[in-house]
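Trainee: Knowing the structure of chain B, use the given hints to seat chain W on it.
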Amino acid sequence: MDIIGFYPTFYMPWIGSAWVMGIIGVIHVVASHTSVGASFLFALLETKAYRENKPELMDFIKRYGKFLLVFSYIVGSVTGVGIWYAITIASPRGTAGLIHSFVWVWAAEWVYFTVEVIGVYALVYLIGKIDARTHLKLTWAFALASWATMLLIVGIISFMMWPGNDAWYQTGSTNDAFYNINFFAHLGVRTGSMLVMAAIVGLMVVAGMKDKPEALRKSVVRTITPMGLIGGAVAVIMFFYYLQTLPHNALVMLDSHLLPRYAWGMIAVVAVTVAYLVFAWCRPLWVTTWVAVPLFLFIGIVGVWPEERMRESMRKPYVAGQYIYGNQVIARDVPGKGIQGEVDVIAEKGLLKLHPFIPDRLRTVTPENQIEVGRVLAKISCANCHALEPGAPLRNIPDKFYGSTDKDLIAAFINGPLKHGAVTYMPRIDLPAEEVEAIAAFLADANARRAAGPPPSTVSAQAGVKQE
Amino acid sequence: MDIGTVLHAMRDPAGIPSHPVIFQVLMIVTWIFHIAFVHMTLGTAAFAIYAFYKRAPGTHWEQLSMAMTKAAKVGVSLLIVLGVAPLLFTQVIYDPQWYTASVLSARWLIAFIFTLIIGYCSWFVFYYSNHEGAKKRLGVFALVGLGLFLLDGLIMHVLAYQSLLPDQWMNWYAPGGVVDSRGATLHAIQWPRYLFIISLSLPALGLYLMAYADYFRGRPDRAPEYLALARSLGHRLAVRGLVISFVLLLAWQFVHPASTRLSWHPMGWALGASLLALAWWVQRRGLQVHGYLPMLAGLGVLGVLAVWRELIRIRYMLPFGYDITDYTVHADWPSMVLFFSTFIGVGGLVGGFFLTTIYRAGRVQGLYTAERGVARLGTAAVAVLGVWITVFFAYGITIWMRNAFTL
Chain B
1 MDIIGFYPTF YMPWIGSAWV MGIIGVIHVV ASHTSVGASF LFALLETKAY RENKPELMDF
61 IKRYGKFLLV FSYIVGSVTG VGIWYAITIA SPRGTAGLIH SFVWVWAAEW VYFTVEVIGV
121 YALVYLIGKI DARTHLKLTW AFALASWATM LLIVGIISFM MWPGNDAWYQ TGSTNDAFYN
181 INFFAHLGVR TGSMLVMAAI VGLMVVAGMK DKPEALRKSV VRTITPMGLI GGAVAVIMFF
241 YYLQTLPHNA LVMLDSHLLP RYAWGMIAVV AVTVAYLVFA WCRPLWVTTW VAVPLFLFIG
301 IVGVWPEERM RESMRKPYVA GQYIYGNQVI ARDVPGKGIQ GEVDVIAEKG LLKLHPFIPD
361 RLRTVTPENQ IEVGRVLAKI SCANCHALEP GAPLRNIPDK FYGSTDKDLI AAFINGPLKH
421 GAVTYMPRID LPAEEVEAIA AFLADANARR AAGPPPSTVS AQAGVKQE
Chain W
1 MDIGTVLHAM RDPAGIPSHP VIFQVLMIVT WIFHIAFVHM TLGTAAFAIY AFYKRAPGTH
61 WEQLSMAMTK AAKVGVSLLI VLGVAPLLFT QVIYDPQWYT ASVLSARWLI AFIFTLIIGY
121 CSWFVFYYSN HEGAKKRLGV FALVGLGLFL LDGLIMHVLA YQSLLPDQWM NWYAPGGVVD
181 SRGATLHAIQ WPRYLFIISL SLPALGLYLM AYADYFRGRP DRAPEYLALA RSLGHRLAVR
241 GLVISFVLLL AWQFVHPAST RLSWHPMGWA LGASLLALAW WVQRRGLQVH GYLPMLAGLG
301 VLGVLAVWRE LIRIRYMLPF GYDITDYTVH ADWPSMVLFF STFIGVGGLV GGFFLTTIYR
361 AGRVQGLYTA ERGVARLGTA AVAVLGVWIT VFFAYGITIW MRNAFTL
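In order, the protein sequence lines correspond to chains B and W. Numbering of the first sequence is given in the numbering used here, commencing with residue 1 and proceeding in unit increments. Numbering of the second sequence is given in the numbering used here, commencing with residue 1 and proceeding in unit increments.
The set of hints was computed from the structure by calculation and includes no laboratory data. Hints are supplied without guarantee of correctness; some may be wrong.
Said to hold, decoys possible - Straight-line C-alpha distance at most 27 Å; calculated BS3-like pairs for lysine-lysine:
| hint | chain 1 | residue 1 | chain 2 | residue 2 |
| --- | --- | --- | --- | --- |
| 1 | B | K66 | B | K218 |
| 2 | B | K66 | W | K135 |
| 3 | W | K70 | B | K66 |
| 4 | B | K62 | W | K70 |
| 5 | B | K210 | B | K48 |
| 6 | W | K54 | W | K136 |
| 7 | B | K66 | B | K129 |
| 8 | B | K48 | B | K66 |
| 9 | B | K48 | B | K62 |
| 10 | W | K136 | B | K66 |
| 11 | W | K70 | B | K129 |
| 12 | B | K210 | B | K66 |
| 13 | B | K400 | B | K379 |
| 14 | B | K353 | B | K379 |
| 15 | B | K129 | B | K62 |
Chain W on its own, in the form it takes in the complex:
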């Protein structure tokens, strides 16, 4: 069977509820935040371990290790939850690719869940034990945690890469014509891509440390020397990390099949240029500008990466005639309004309230009393949830009764 025809047949017959480009844009944008937290987590976790073994009692390394351990702990929670959205939107427009890749490595997909739980719990054990004077042997929990996070990253990479190779699927599923339904194999790994994306954890760590140092600058309980160490380490790690990532990007650039003509695609080189430009800027101005700015610029680089990643997928799908824009649309306006109103109302007010409170409270030593604006934001957060739930029920009861009475 022609695999292009098969891909079209595998699309969900229900079609999609809005224009496919909306999902594509959301997929790209939400992935940026997901991968940012992946990098932040892996970077801070690796650094927490490094600092844990390097520390001496009472030194800044000890303090840094504890701080990065905590950052990685929160980072895992957020990368998981932020990973849901891009995966959801991927499944809407690239359902044949994602589902097939998943089924073909099904046991690994399930292993992902349990290894992530074990890895995260192991990191928590490290977090609870990484205090002043903690015994070195406890570092093994951190090593297990980080090792499993990297394995989980590899599994996700494999699924993403297998999605790009539909002409290989049948060979993997039925090698030699004999069906293998175990889903026990990781069939395709593109090491340069995986290593490049993982390598971005290093500059991400650097940028995070620079922002971290500036965030705590107003706290009297954080010694200026400690913050200066964090900032200078961050500066060095960011510059060197960006250069290392650039080298790995070059390796990735030249493993694309010639037929895709991706190796010389301008967007790939724009990504490389953005890495070098950021390295140059941080090197030149990193110590003068506020620490948040390089981190924001880093998000911009991830934006280029997210677009590049999607362009790669589009190019790989071209020979199969797979184009998301011809996906059948059955517009469903009410549910789209539900999402965007929730995103703006609840995400903005409730998420905004939580984040503002955390941000402000973290910058104050001792008790933080909310200013008038934050207090009002809190009231608005509770109110918007009350309104959302009221509308949800009022609207739902109306529809439910209409359908029940016409039964």
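Chain B with its partners taken away, still in its complex shape:
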């Protein structure tokens, strides 16, 4: 192996590409879960309207549907593409790995997605324009198609965590990858959550229907809140099951870093959500815009951001199937696909020799270019998960070394725990001596600049601009 198929590196100073992905992802998750959940609310409400001859319930569906058109089918669908783009630039090899294993699954999801987009227009704009029975069929078809998009995407994102057994590595079969160990648990969490989100957004829509009769608002609130509560219960139960299906590295990450930071927030979100839904059921007419919008924002942001961040973080050091590291290096062999691990060959030959996008003047380390080479290598090896500027918010590496300017200390960490893969949530990074020294020199220099100059953030920001 004389070349490894690495791509150029995209690096976003300070926040890294991970946060770009996180921000887009959170918006998408809220919008898409609301959409899928709402489709079932629509189906159930419309069934009630049809059976009990309550056409006024369709007013709520129409209003909610119009809101969804903007919220889920503009913001949601564009950010869905956005996640794809964000992971493309952050982890091109990881994305390629997923695409090449799951292209037909994604293509099937695309069929559903297309049907869903046509369906939402039909559902909203044909209310009152086609006979009630046909519309009811349309709404149920829309709900089932919406859920099918979730069924298909959850298999892929569950695989990103891990297959959970050796089958896929040996067969390479999409079946074994898709129906992985945490698929059903993950599906349960998301299915429950979608009902919660749909109920929360539904309450916001009801709050905006002041012009409608009180009886209608009461009826709607008392139909959707139990669904939200049941969905919440399912989500919580399945979340505990989900935890049992996680790999060791995820549990270590969870216990050591994530739960201490996010546990209380998660408990608060669950408590507030339950209290809100119960309150709404008891006092449907007290659900005003001033109550519904802030609570939607609280539950959407405080609830979803940690959940998505945790799922991303727990997967580390991998980005897909426990065979591609976050730094795009293939971590292990996958005989079923003819894939070979790359860590050892990198250890032997070095990134500077194997990476196709290293300028020739940097392929050999010299005293003059050592820090520049170190910066390039740090971006390749570390920047998928870490910022490189001291003081930056995304787990910046200079701070991880407590501002140390001691090159030997930094090199010792790389040559010790990293080289041997001893940190469960970090990739095994085994590099030739001159590359380790270059990275160590760059990090030590970053800390030295901070120690020497004006406020750290200014120095690093200026350095970042110049260096970029």
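Mentor: What follows is chain W alone, placed relative to chain B:
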């Protein structure tokens, strides 16, 4: 390093799950529908703005502006969703090209997302405010929306064009040997190609208006004069637009590097011929034939364009020895069956039900009651989804348990 060798190394080591030509064909076919909605959207959006500023209260221009605003609104949704498939299939067989082009202009790729959201929301604001007697200043929302859509088209064009130039990648990534990982630049624009493809929005608008006029012909609430105006405008716009596009195609034909020998490739000229043939036919027979036929013929022209676009890519890749047919295949039949059965079963029955209902209901003033056939199609749509989900779970549980118990 030899860039041809690098391109091969950058292919995903997992290989692909079916023969590459299947993905190539799907990529071409699905792109036709994507670009058709791009053209329809840009054309109707531009026309909605033109009519908005030209209208006087109660005139047909006002009605046309509102109708085209609505068409553009729906068009954006569909062009986005229909754009997913060709991009997906591109990433399967041209992954090195697409990913590298994306990383090299990464910030623009992210900007694409946010500008598309802003543009679309802005268009929605225009849609909600474009009613009888709407104030002219509201047109600014439409202008912002259309401007951002054109910018997004430019970003996509750049990524597609950068994909064709692998020998430039290193110069863009590390100019002067200094690595630039910001992804902040649009490195290569081929204006004739971009302008030609965008210009097709004009004939697309014309063809759409002709079909639109015939679609509503049976509706008593659409005045015959209004529909006649739409049809005659459509006729003129289609003919003139096709000629303009032909001129721009000529410009594009002669900017291909001589080494590619594309300037005199028969397919490029076949595209030109198809544009002129369609213009001639619409000019001669456009007012006599049903309005749907020219639109179908327009799709045929886009089919030629889609094939031409792919031939260009193949020719640009030749010097690097990049040939999709030598991509490693690890056949995965079950997932391929999943796609095609979903495409036929769900796409056909559920999509068919939705589209038929929308089509039929739109042609009726007042309440539409589904005929027996449509009602049965609706039942079949729900049933096929029930069957699909049942099979999905039954099959999945079997595999899951087999793997869990052999753990």
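Trainee: Look at each hint and say if it fits the structure.
Mentor: Here is how each hint holds up against the structure:
Of the pairs offered as hints, the one joining B:K66 and B:K218 holds, with about 21 Å between alpha carbons and a cut-off of 27 Å not exceeded. Pair hint B:K66 plus W:K135 holds up; C-alpha atoms about 23 Å apart against a cutoff of 27 Å. For the hint linking W:K70 to B:K66, the alpha-carbon distance of about 14 Å falls within 27 Å, and the restraint holds. Note on B:K62 and W:K70: the hinted pairing holds, with a Cα-Cα distance of about 17 Å set against a maximum of 27 Å.
Straight-line distance between C-alpha atoms of B:K210 and B:K48 comes to about 22 Å, which keeps the hinted pair within the 27 Å bound. Between W:K54 and W:K136 the alpha-carbon distance is near 10 Å, which keeps this suggested pair within the 27 Å criterion. About 16 Å separates the Cα atoms of B:K66 and B:K129, which keeps this hinted pair within 27 Å; it holds. The hinted pair formed by B:K48 and B:K66 meets the criterion: a straight-line CA distance of about 20 Å does not exceed 27 Å.
For a cut-off of 27 Å, the pair hint linking B:K48 to B:K62 stands: about 15 Å separates their Cα positions. Note on W:K136 and B:K66: the hinted pairing holds, with a Cα-Cα distance of about 25 Å set against a maximum of 27 Å. With a C-alpha separation of about 17 Å, the suggested pairing of W:K70 with B:K129 holds against the 27 Å cut-off. Among the hinted pairs, B:K210 with B:K66 is consistent with the structure: their alpha-carbon atoms are about 17 Å apart, no more than 27 Å.
Restraint check for B:K400 and B:K379: the C-alpha separation of about 16 Å stays at or below 27 Å, so the hint holds. The suggested pairing of B:K353 with B:K379 holds, with an alpha-carbon distance near 16 Å, which does not exceed 27 Å. Between B:K129 and B:K62, the direct Cα distance comes to roughly 12 Å. Compliance with the 27 Å bound is thereby established for this hinted pair.
In this structure, every one of the numbered hints holds.
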